[in-house]
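Could you put together the complete structure from these sequences and hints?
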Amino acid sequence: MSKKVVIIAEAGVNHNGDLAKALALVEAAAEAGADYIKFQTFKAEKIVNPNAQKADYQKKNMQGEGDTQFEMLKKLEMADHWYPVLMERCEEKGIKFLSTGFDEDSIELLNSLNIPFFKIPSGEITNKPYLKQIASKGKNIILSTGMAYLSEIESAINILEGEGILRDNIVVLHCNTEYPTPFEDVNLLAMNQIRDNLRVNVGYSDHTMGIELAIAAVALGAVVIEKHFTLDRSLPGPDHAASLEPSQLKEMIKSIRNIEIALSGSGIKEPSTSELKNVIAVRKSLHYIKDLPANHVITNFDMIALRPGSGISPMEIDRFIGKKLQKSVQGSTFVNLKDFYD
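The opening residue of the sequence shown carries number 1 in this note's numbering; numbering runs sequentially from there.
The set of hints was computed from the structure by calculation and includes no laboratory data. Some hints here could point you the wrong way.
Unchecked claim - FRET-style restraints, in silico, Cβ to Cβ:
1) 251 / 19: 36 to 46 Å
2) 219 / 310: 34 to 44 Å
3) 308 / 251: 31 to 41 Å
4) 198 / 310: 52 to 62 Å
To be verified - Below, in silico cross-link-like pairs of lysine to aspartate or glutamate (EDC-like), each with a Cα-Cα straight-line distance of 20 Å or less:
5) 21 / 91
6) 21 / 77
7) 128 / 152
8) 139 / 103
9) 21 / 80
10) 284 / 302
11) 137 / 178
12) 338 / 291
13) 21 / 88
14) 93 / 251
15) 75 / 232
C-beta atoms are modelled at their ideal positions from N, C-alpha and C, and glycine is treated no differently.
What follows is the structure, encoded as structure tokens:
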């Protein structure tokens, strides 16, 4: 998708059913420097049984707001007239629009909007009809893998490949779907197993508190980072409490871009251009430790390594042991080849 790390600011349902909040989220993500802002597209009746209970984290974050997922999700749907408004604002602010479709109609809607790629959420990794419908659109795919075994990820990829999607056009995101994810459950090195065993590009969808894990994932080779954000973590809703606020999102993105720069070198261990000027000031040269007379035979106790490094390197000390001075020398002066008999 890109030579640089793709950063997706996941607004999700943090608009709380309010278009004005959704537009403010677009502006905050653009200001922070994200490549994409991503929402969630669904109709509650198409994705959840009316009696299905909320996940534990949803109950915790939405106390006193009803027990069913249906009641929660119905309030968080995006109306069809939102899309052109949001996409126009994204265009104005220089950020790309994305949304995850959770049902058949939503996938078709997003495809009609010509979104650049499809994002498959963790909950759909075992939904074969959904995977086949996504693959039928022939676009690049990002696949989240929360709650999944490696074998389930492989099965999903095989379905996508069977429908004509090249493995090179799939990015698999390591993910944990507990909101927020305890650090001890992140298992970040599993990202490497996914990459190496399944021969795919990998990224990380981060649900921990803070920004450290997303940055670490980039250092480990993630090519896509997805992170939930909100205008205000104290707002009511299922995901606000586990989301970054705009200032944190901006700091995360700045850190990731710095990591990218640090990883862009040749990989060969050698002095950089910026540090070559420090060699003389920081390294040491051989100096006489005290005044010595002519014809003195040099021992280990006659020389010392001192800055600057503009003289003979201390690595050459052995060549002077046992040599005879042809003239007297002063302490704290550089050892010089001309001081000795040939």
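Please name the hints from earlier in the document that this structure breaks, with their numbers sorted from lowest to highest. 1 and 11
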